[in-house]
Amino acid sequence: MSQNGAGVNENGSRAYTSNEMMTIAAARLLRDGGVCFVGIGLPSAAANLARATHAPGIVLIYESGTIGAKPTVLPLSIGDGELAETADAVVSVPEIFAYWLQSGRVDVGFLGAAQIDRFANINTTVIGDYAHPTVRLPGAGGAPEIASAAKEVYIIIEQNRRTFVNKVDFITSAGYLDGYGARARSGARGAGPTVAITDLGILRPDPVSQELTLVSLHPGVTLERVRAATGWDLAVSAELAVTPSPLPEELAALRELQRRTARAHGAETAA
Amino acid sequence: MKHLSLSEAVAEFVHDGDTVALEGFTHLIPFAAGHEIVRQKRRNLTLVRMTPDLIYDQMIGMGCARKLVFSWGGNPGVGSLHRFRDAVEHGWPVPLEIQEHSHADMAARYAAGASGLPFGMLRGYVGSDLPKFNPSIKFVTCPFTGETLAATPALEPDVAIVHAQQADRHGNVLIWGIVGVQKEAVLSAKRAIVTVEEIVDELATSRNATILPAWSIAAVAHVPGGAHPSYAHGYYARDNAFCKAWDGISRERESFTAWMERHVLGTADFAEFRNSIAAVPA
Numbered sequence: 000m001s002q003n004g005a006g007v008n009e010n011g012s013r014a015y016t017s018n019e020m021m022t023i024a025a026a027r028l029l030r031d032g033g034v035c036f037v038g039i040g041l042p043s044a045a046a047n048l049a050r051a052t053h054a055p056g057i058v059l060i061y062e063s064g065t066i067g068a069k070p071t072v073l074p075l076s077i078g079d080g081e082l083a084e085t086a087d088a089v090v091s092v093p094e095i096f097a098y099w100l101q102s103g104r105v106d107v108g109f110l111g112a113a114q115i116d117r118f119a120n121i122n123t124t125v126i127g128d129y130a131h132p133t134v135r136l137p138g139a140g141g142a143p144e145i146a147s148a149a150k151e152v153y154i155i156i157e158q159n160r161r162t163f164v165n166k167v168d169f170i171t172s173a174g175y176l177d178g179y180g181a182r183a184r185s186g187a188r189g190a191g192p193t194v195a196i197t198d199l200g201i202l203r204p205d206p207v208s209q210e211l212t213l214v215s216l217h218p219g220v221t222l223e224r225v226r227a228a229t230g231w232d233l234a235v236s237a238e239l240a241v242t243p244s245p246l247p248e249e250l251a252a253l254r255e256l257q258r259r260t261a262r263a264h265g266a267e268t269a270a
Numbered sequence: 000m001k002h003l004s005l006s007e008a009v010a011e012f013v014h015d016g017d018t019v020a021l022e023g024f025t026h027l028i029p030f031a032a033g034h035e036i037v038r039q040k041r042r043n044l045t046l047v048r049m050t051p052d053l054i055y056d057q058m059i060g061m062g063c064a065r066k067l068v069f070s071w072g073g074n075p076g077v078g079s080l081h082r083f084r085d086a087v088e089h090g091w092p093v094p095l096e097i098q099e100h101s102h103a104d105m106a107a108r109y110a111a112g113a114s115g116l117p118f119g120m121l122r123g124y125v126g127s128d129l130p131k132f133n134p135s136i137k138f139v140t141c142p143f144t145g146e147t148l149a150a151t152p153a154l155e156p157d158v159a160i161v162h163a164q165q166a167d168r169h170g171n172v173l174i175w176g177i178v179g180v181q182k183e184a185v186l187s188a189k190r191a192i193v194t195v196e197e198i199v200d201e202l203a204t205s206r207n208a209t210i211l212p213a214w215s216i217a218a219v220a221h222v223p224g225g226a227h228p229s230y231a232h233g234y235y236a237r238d239n240a241f242c243k244a245w246d247g248i249s250r251e252r253e254s255f256t257a258w259m260e261r262h263v264l265g266t267a268d269f270a271e272f273r274n275s276i277a278a279v280p281a
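Each protein sequence line maps, in turn, to chains A and B. Position 211 of the first sequence, counting from 1, maps to 210 under numbering that gives the first Met the number 0, and the rest follow consecutively. Position 227 of the second sequence, counting from 1, maps to 226 under numbering that gives the first Met the number 0, and the rest follow consecutively.
Keep in mind the hints are simulated off the structure, nothing from the lab. We put the CB at the ideal spot given by N, CA and C, even for glycine. Some hints here could point you the wrong way.
Unchecked claim - Now the stretches of chain A that chain B is said to cover, found in silico as 3 or more residues with beta-carbon under 8 angstroms:
1) 62–71
2) 92–102
3) 135–142
4) 163–173
5) 226–235
Claimed, not checked - Sample of chain A residues with no beta-carbon within 10 angstroms of chain B, all distances over it, derived:
6) T85
7) G180
8) V207
9) L222
10) E223
11) L239
12) R254
13) E255
If we strip away everything but chain B, and leave its shape as in the complex, we get:
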């Protein structure tokens, strides 16, 4: 584990063509890390995420991805992801291959990856059309009961990136509140980057909270506010106004591109980005 700046961590650990999983289930979404990937102009990524929302809309619209692996894509409580839809429906800015699963399946795939198993298994997709369109969803027969179960390949991303509330000075990471699939994502990946709200002397919690030991992580980067506009339990609330505003910003290619160029490409880091968007009248 290394303490790095976010830009150093992305430069060292995220490469063109990688399979990259940014996780965080509505909570602790690693926005700052997504922006840094956009700034460093990574291309041909396979992006993995259960719930691609605004951050993947931004990365897809900026042409970082050639493929998206997901289970639910939308702007929670608001509506569609316009850049995701434009990529799927019209191939803009580059064609986007999609591979879709259900949540239970993605969770099982991450757990399999974290466990070193070749596939995840679930009692899933009964009567659903998804397996007809996703050849990676297969079915196996239980050797004990004869029951038919869904089997899907383990997720083993090149890089997992998550945002957490705290790390200690050794790089042990603490996540609380809705913990999503972050632990499984980190342990399924070849390398993991964790951005954190705060670096503390000691994690003030019991040892059966969700803790990722330092040696399971490649790098920790201190990025206060790095989950904005999603929320960080105990630190700040979700910025619902931004999520609603994104619907308008992202609706047209021109307004989207202008916004990303001004606020993301035109800033050096997430702190500058926050100042840049704060300067725009609502």
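One chain only, chain A, in its complex shape:
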């Protein structure tokens, strides 16, 4: 699925994967010098790519209490030793959530999700009924408060019919709730999800309805394909763009990061 189409360049040869395009597109959106509260996995990969390319001064906070972490390899868990060793400061978990997140010091909360809906609400709790779930997911972690307290939220997620649903089975972390200003009325301090980056394109909330709207297609991806991967009648921007292809230096930096990561975790594994 992730290999299909999006990784084909102008010459018809496969120069990068759709996963690489997603990570690079997300990394580009992070500002140098900004403060980013990072989830593990795809957000962490994109945030560290940003740090390795255009945003060397980005401050990465992981919920394990590491502030200003500068890992040379991608962490496998939210509390890898590498994060503590490279951080400007390491604080307790109560402190990271109360003093650093809740107080409004975070510019971007960067989250992944199992499911997202048309109003960018995210689910990491259950698929199906809460009492009798079809799939029990890991749960909330730090996400509900990251989603409400960060000045804005970026979401990175693979796009298909299982992940992009009309209404999530469970709102773990609020996006725009029912849209049309419902989030602001709920008392959330941060602006909410201002962008969702997928392996197919980039979506942003409509200024009025706050419904996720496709604003950019990754190279080689058709609109039909995005519609087919979306569980609702997808709104498309009148100024639909095409995401610039990954630059050679972006791809090189991402692949080097992943090579280092595989080597480090492989070495730890052998020890």
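Please build the complex by placing chain B on the supplied structure of chain A, with the hints as guidance.
Just chain B now, with coordinates in the frame of chain A:
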């Protein structure tokens, strides 16, 4: 504070039906203590932990728990906890009641418990469905600003268990690196057991590192390697191979039970357990 063996500490301080919190946020996870609770066949525990991972998967799969209080349950970097899911989805080996919160909430609950306050408070759960399914999450109005804030009951476990790098001969405990919520867990509990990598003559650190004075702890047990397969900063790295292998071991009830019987129930202590798993070809 008493210096005890881990088996003595669990026998004395962990009882059937207790509320037990094993803490350690990806770092310094008290695996050895969890195994000892399994060996001593404690039952009907309410297990509390922000991030139930492999150790709670093992304890849940061995039938120690009747309830789990948590905020994120998974095998970090690998995937699902199969025994946790089997208990939630199918009630195996015994039904597991769950009570779930967010991390910020659990942290606030521990801090409230440590502070002797009845509830923790946070600007939390805005727009989230969690309060609809967890009646212990309530909301209060700030008497000064009128703002609505989440309020959840203080955590006051019967027992907290944490793993630390060092204790001195008096039982003062030093933790460094990612310190998680261990200090709050220990101070919120009626009794606390600390397993340590090393017992030293003097803690070689400044006094504003994370130190738990001996008199705040019930027992210290010397268990080198006691956080394996998680890591102990300054001592050993995380055993990622084990965490990946656990996915296969735990996937089926039979393979899980056979593994636990052979390596945990079939060994006397954590040192024997380590030798037992090392003898199995990867």
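Holds or violated: is the Cβ of L222 (chain A) farther than 10 angstroms from all Cβ atoms of chain B? holds, 31 angstroms
With a C-beta cutoff of 8 angstroms, work out whether three or more residues of the region 163–173 of chain A approach chain B closely enough for the coverage to hold. Holds, because 5 residues of the region 163–173 of chain A bring their Cβ atoms closer than 8 angstroms to Cβ atoms of chain B.
Does the region 135–142 of chain A contain three or more residues whose Cβ lies closer than 8 angstroms to a Cβ of chain B? holds (count 7)
Does the claim that T85 (chain A) lies outside the interface with chain B hold up, using a Cβ gap greater than 10 angstroms? holds, 12 angstroms
Assertion that chain B covers the region 226–235 of chain A - criterion: three or more residues, beta-carbon distance below 8 angstroms: violated (count 0)
Mind verifying the non-interface call on E255 (chain A)? Its CB should be farther than 10 angstroms from each CB in chain B. Answer for E255 (chain A): holds, closest chain B Cβ roughly 20 angstroms.
Checking the smallest CB distance to chain B, is G180 (chain A) really beyond 10 angstroms? holds, 12 angstroms
For E223 (chain A), is the shortest CB-to-CB distance to chain B above 10 angstroms, so the non-interface label stands? holds, 32 angstroms
Has the region 62–71 of chain A got at least three residues whose CB is nearer than 8 angstroms to a CB belonging to chain B? It holds: at least three residues are needed, and the region 62–71 of chain A offers 4 whose Cβ sits within less than 8 angstroms of chain B.
Far enough from chain B: is every CB of that chain over 10 angstroms from the CB of L239 (chain A)? Nearest chain B Cβ is 29 angstroms from L239 (chain A), so the label holds.
Are all beta-carbon distances from R254 (chain A) to chain B longer than 10 angstroms? At roughly 20 angstroms from the nearest Cβ of chain B, R254 (chain A) sits farther out than 10 angstroms, so the non-interface label holds.
Cut-off 8 angstroms, C-beta pairs, minimum 3 residues; does the coverage of the region 92–102 of chain A by chain B stand? With 6 residues in contact (Cβ-Cβ under 8 angstroms with chain B), the coverage given for the region 92–102 of chain A holds.
In this structure, the one hint that does not hold is number 5.
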